[in-house]
Amino acid sequence: MDHADQRGARSTDAPWETALPTIDPVDGGTADAFARLAVELHETGGVHETVDAVVQFALQALNCSYAGVALSSRGSRPEIAAVTDPVVAEVYGLQIDTQDGPLMASLRERSTVLIRDTTTDTRWPEWAAKVSGLGVRSVLDVPLTLRDGRNTVGVLGLYSLAPDAFTVDDEAIAHILARHASVAVATARHEETMAQAVDARKLVGQAMGILMERFDVDGDRAFAILKRYSQDTNTKLRDVAQHLIDTRKLPH
1 MDHADQRGAR STDAPWETAL PTIDPVDGGT ADAFARLAVE LHETGGVHET VDAVVQFALQ
61 ALNCSYAGVA LSSRGSRPEI AAVTDPVVAE VYGLQIDTQD GPLMASLRER STVLIRDTTT
121 DTRWPEWAAK VSGLGVRSVL DVPLTLRDGR NTVGVLGLYS LAPDAFTVDD EAIAHILARH
181 ASVAVATARH EETMAQAVDA RKLVGQAMGI LMERFDVDGD RAFAILKRYS QDTNTKLRDV
241 AQHLIDTRKL PH
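Going by this note's numbering, the final residue of the sequence shown carries number 252, and the count climbs one at a time with no gaps.
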């Protein structure tokens, strides 16, 4: 199967467009490309920048027309984090709205889902009919599962306009890409959480300073005041602090 024929249209200014060659899984290009990807993911800041790099890599490395990543969230609705085409957002949206489909199955069961032809697959008939109407014929959803096997941070979705497009080699490469992506996303999320915690401490410290100066109280008392207002108003402590900094007033 000619990979180039099945890719479909994609942006010509994608960051991987000139940086990465088309990969043949039987030559040494795969290892080299993944080595470059690992460096790119390490240097990339933020979750969304990370998954953007992953989906652009997927277009180069795999026999797909489109790619996307949906990330797990605290609620039941996954977050559409990166897509290479608006079609993918529509494919995801149909599943997120109904809480059904290969994306949701892959996320819940931590398993790979392969649809060889959306016009004949019977597992999700309503969704498949709509997706085939968009021109998507083959689907490969691979969970982004961490090494412990218990935590899934999201799903990598690959889509082709041709039926039966994904080979065993494609699936193997997709799993390697998913492993890289899962670690990179988990790391980026952790770094963002740590950065938010540092920012929150700075805000609380600044708000405490305002209270200490205004009411002539010590640090412990100032923190107790912020904490009480946080509990009484059911507001996050950092938001109470931000409100005080912005308005010089405590929330009601």
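It should be emphasised that the hints constitute simulated quantities derived from the structure, not laboratory data. Every residue gets a Cβ at the ideal spot worked out from N, C-alpha and C, and that includes glycine. A hint or two may mislead.
[To be verified] Pairs of lysine-lysine, DSSO-like flavour, derived with a Cα cap of 30 Å:
hint: 1; residue 1: K130; residue 2: K202
hint: 2; residue 1: K249; residue 2: K236
hint: 3; residue 1: K236; residue 2: K202
[Claimed, not checked] Simulated DEER-style distance windows between Cβ atoms:
hint: 4; residue 1: R116; residue 2: T233; range: 50 to 56 Å
hint: 5; residue 1: P86; residue 2: D232; range: 44 to 50 Å
hint: 6; residue 1: E191; residue 2: R123; range: 51 to 57 Å
So, going through the hints one by one against the coordinates:
1. At roughly 49 Å between alpha-carbon atoms, K130 and K202 are farther apart than 30 Å, so this suggested pair is violated.
2. Proximity of K249 to K236 is assessed by CA-CA distance (about 16 Å); at most 30 Å being required, the pair is judged to hold.
3. For the suggested pair K236 and K202, the alpha carbons sit about 14 Å apart, so the restraint of at most 30 Å is met.
4. For R116 and T233, the hinted distance range of 50 to 56 Å is satisfied, since their beta carbons lie about 54 Å from each other.
5. Taking the beta carbon of each, P86 and D232 are about 45 Å apart, inside 44 to 50 Å as hinted.
6. Between E191 and R123, the C-beta spacing of about 37 Å breaks the proposed range 51 to 57 Å.
The structure fails hints 1 and 6 (numbered hints given earlier, in ascending order).
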